[in-house]
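K.L.:
As a plain string of letters, each chain reads:
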Amino acid sequence: MKMEVPTGFDAVLHPPARLQIAAVLAQAREAEFALLKEITGTSDSVMSKHLSAMADAGYVTLRKAASDGRQRTWAKLSSSGRSAFRRHVKALEVLAAAARS
Amino acid sequence: MQATDALTALDAKRAAEAQLARACNCPPWRHAVFGLLMGALVVSPAFEQTIRFAILVGILCCIPLIIRSDRKRMGMFINGYRRGKTRLVALGVLAVELSIYMLSVYYGMVLHNVVAPVALGIGGAVIGILGSMLWQRVFVHELTS
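Protein sequences, first through last, are from chains A and B.
Here the numbering used here runs 269 ahead of the position in the first sequence, where the first position is 1.
Number 12 in the numbering used here belongs to position 20 of the second sequence; there are no gaps in the numbering.
By construction, these hints were calculated from the structure, which means they are not laboratory data.
Bear in mind the structure is a predicted one, so any value in this text is a computation, not a measurement.
Be aware that a few hints might be false.
[Said to hold, decoys possible] Sample of chain B residues at the chain A side, in silico, Cβ under 8 angstroms:
| hint | residue |
| --- | --- |
| 1 | Lys5 |
| 2 | Gln11 |
| 3 | Leu12 |
| 4 | Ala15 |
| 5 | Lys64 |
| 6 | Phe69 |
| 7 | Arg74 |
For every residue, glycine included, the Cβ atom is placed at its ideal position computed from N, Cα and C.
With the hints as extra help, turn the sequences into a complete structure.
P.N.:
Written out as structure tokens, the structure is:
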């Protein structure tokens, strides 16, 4: 069933892996690249592309930190990313409710 | 835009949250450490100023160590006061711990009674452990229900 795109729908967050990244970062203050990769089931390169796209949109901030002699990447949801995520989930819920009725 | 796309996306979000809840493993020692810090805070008025100060500095030094340990163990750090039902648990524990701390201050520093702050400290540690365990249960339930 084809439907109108509701207000709040965000094309940046629509790919399932990006929605999952945002869902994790909405709960955790900060999460490591490896954890996000494990939860979304993506490869290093795909995860990097998703995080770069979200960072370019201003939804995520990335920082590198050394731990146990290895460089690790940490991701954090920005306040605009948090708002966009909430709006996008609401839009998806509206679509899902319309589909069920 | 297909309606099924929205349903699929929401399913993916829920699956990620459930996985996050599973990844957020909090071993018994982690609950115990939180309880011990709460207990140490409450028992501190039983001691003279220098020791009291040392206990408070020790507690403050432990906080970044706990955060670092959580980050290393789980690959993330979750704020205890995060939005959601867990905030009620965190604020409830904080209110109870502060109340018994004030009682401990009264007994230890005003009445110079040592026994009461020690007893209250043990109570504070137990409440801290139980509060931490409850927080964990509420968090997992919230993300998996």
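K.L.:
Going by Cβ atoms only, is Ala15/B closer than 8 angstroms to chain A?
P.N.:
Since chain A brings a Cβ to about 6 angstroms from Ala15/B, closer than 8 angstroms, the hint holds.
K.L.:
Min Cβ distance, Lys5/B to chain A: is it shorter than 8 angstroms?
P.N.:
holds (5 angstroms)
K.L.:
Go through the hint on Phe69/B and say holds or violated, using the shortest Cβ distance to chain A against 8 angstroms.
P.N.:
With a closest approach of 5 angstroms, the Phe69/B hint holds.
K.L.:
Let's test the interface hint: is any C-beta of chain A closer than 8 angstroms to that of Leu12/B?
P.N.:
holds (5 angstroms)
K.L.:
So, Arg74/B near chain A? Judge it on the closest CB pair being under 8 angstroms.
P.N.:
The hint holds - Arg74/B has a Cβ within 8 angstroms of chain A, the shortest such distance being about 7 angstroms.
K.L.:
Taking the least C-beta to C-beta distance, is Lys64/B closer than 8 angstroms to chain A?
P.N.:
holds (7 angstroms)
K.L.:
Report holds or violated for the interface hint on Gln11/B, using the least CB-CB distance to chain A and a cut-off of 8 angstroms.
P.N.:
With Cβ-Cβ at 5 angstroms, under 8 angstroms, it holds.
Against the hints set out earlier in the document, no violation occurs for any number.
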